[in-house]
Each structure stands twice: as structure tokens, then as C-alpha cells.
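In order, the protein sequences belong to chains A and B. Following the working numbering, the residues of the first sequence are numbered contiguously, the last one being 1135. Following the working numbering, the residues of the second sequence are numbered contiguously, the last one being 268.
If you are wondering where the hints come from, they were derived from the structure by calculation, not from laboratory data. Check before you lean on any hint, since a few could be wrong.
Restricting the straight-line Cα-Cα distance to at most 30 angstroms, the calculated cross-link-like pairs of lysine-lysine (DSS-like) are [to be verified]:
hint : chain 1 : residue 1 : chain 2 : residue 2
1    : B       : 224       : A       : 1052
2    : A       : 1052      : B       : 161
3    : A       : 1039      : A       : 1052
4    : B       : 193       : B       : 161
5    : A       : 1052      : B       : 210
6    : B       : 161       : B       : 267
7    : B       : 193       : A       : 1078
8    : B       : 227       : A       : 1052
9    : B       : 224       : B       : 212
10   : A       : 1052      : B       : 193
11   : A       : 1052      : B       : 212
12   : B       : 193       : B       : 267
13   : A       : 1078      : B       : 161
Okay, here's what each chain looks like letter by letter:
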Amino acid sequence: EADIYQTPRYLVIGTGKKITLECSQTMGHDKMYWYQQDPGMELHLIHYSYGVNSTEKGDLSSESTVSRIRTEHFPLTLESARPSHTSQYLCASSGFRERAYGYTFGSGTRLTVV
Amino acid sequence: DQQVKQNSPSLSVQEGRISILNCDYTNSMFDYFLWYKKYPAEGPTFLISISSIKDKNEDGRFTVFLNKSAKHLSLHIVPSQPGDSAVYFCAASARAGNMLTFGGGTRLMVKP
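Chain A with its partners taken away, still in its complex shape (with noise of 0.2 angstroms):
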């Protein structure tokens, strides 16, 4: 049972079009995440958030936007989707137990942009 979501699991687009990947969570946590990874592996943190209204960007440069209104939702904005775009988006998020446990990843959103 997900206790974090991602909504589309697979989105095939058109260049120049503008897109809303979801994320939620219902475990309460306030620290939420958005990392890409392509098919090289590594995983780039891009987005986070720390609580309601705190966002920061991450290591990777992205011309995507987040937004963090309510604790459980983290959306994550490309206002214009480039082929450069294509790309898996992982979100996750820790809580109180994240020492031992880490992160809990959604089951992400594979974006293909056309």
C-alpha cells in the first residue's frame, strides 16, 4: 500500500506544452523531494521542500517549479516541456523515522516529451 503518490505514471507530450507531475503524500511528513534520474542511474535532486511554503532548488539545474501549499502536496511545474525533459521524476519524502529509514519514494512519473 503507497503511502506516497505520483500521478501520471507514463505521459507522452508535445514540445512546448505545459505540464503538472502530482505528488502526495498522506504519512504527514514535512520534508518532501523531487529528484530526476535518467537512464544513467544517478539520481539528481532538483527540488525540496522542508514544510508549507519552503522550497529550494537542488543540486541539479531545472527549469522546472514546485510548489508547496499544503503539506501534502508537491507539484512539481514545467511551464514549457522540451525533448531535454525527458526523464523519470521520483518524489519522496522523509519524516521523524528518516535516519533509519530514509526517504519513501513514490513510484514516479516516466515524461517523454515529443
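We have chain A already, so just place chain B on it with the hints.
Here is chain B on its own, set in the frame of chain A:
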């Protein structure tokens, strides 16, 4: 500068044998280490963790070993099963509230 490194991008093992995945780190402030498993088109799932006050932690077929002096940890899977075929990430954190630093991943293939 990568603080957590997995130097082997891939590993192939026969079913029933031991799989050993390695991870090195450079930050001596890291004091908690975790392993994740990831199948294609899914998110990583937590496998096992170890605190720096221990040198070994075991959970079923999975054992993590930590060598602080060498700044090295390893994940042993015994016996390996075809369902273990996935990408494995090691991760480390420096203190409570600090973010995880992930390694680049190792793809494990267990052949029947």
C-alpha cells in the same frame, strides 16, 4: 565532488551465489548509511540501514557491513535470486535533519 561513490556500474551473479555491492564515501561526518533497491519504472525502496556505531546489520538475506576506517560499506545478498535483479543505491547522511547523499547506483543482474 562525489561524496558517495559506487564504482561498479554493473554486477552479474549466478542464482544462489552471493552478491556483493560496494560503496565508498569521503565525508567523515556521515554517520548513517542506507541501501535502496530500484526496479525500472518504479521508485527506490528502502532495503537496510546501518548506524556508524555498528559494523554489521542483518535482515534476512541482506547484510550490510561498514568499515569506518576505510570509509567503505558493502551489501551482501545471500543467496541471490533472479528477483534481486535491480539497481541498488547506497546513501549516507551526516546528522539528523540532513539530506541523504546518494551514490550513482549499481545494476545487479542475477542469472537463473
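| field | Violated hints, by number in ascending order, as checked against the structure | value | Of the numbered hints, all hold.
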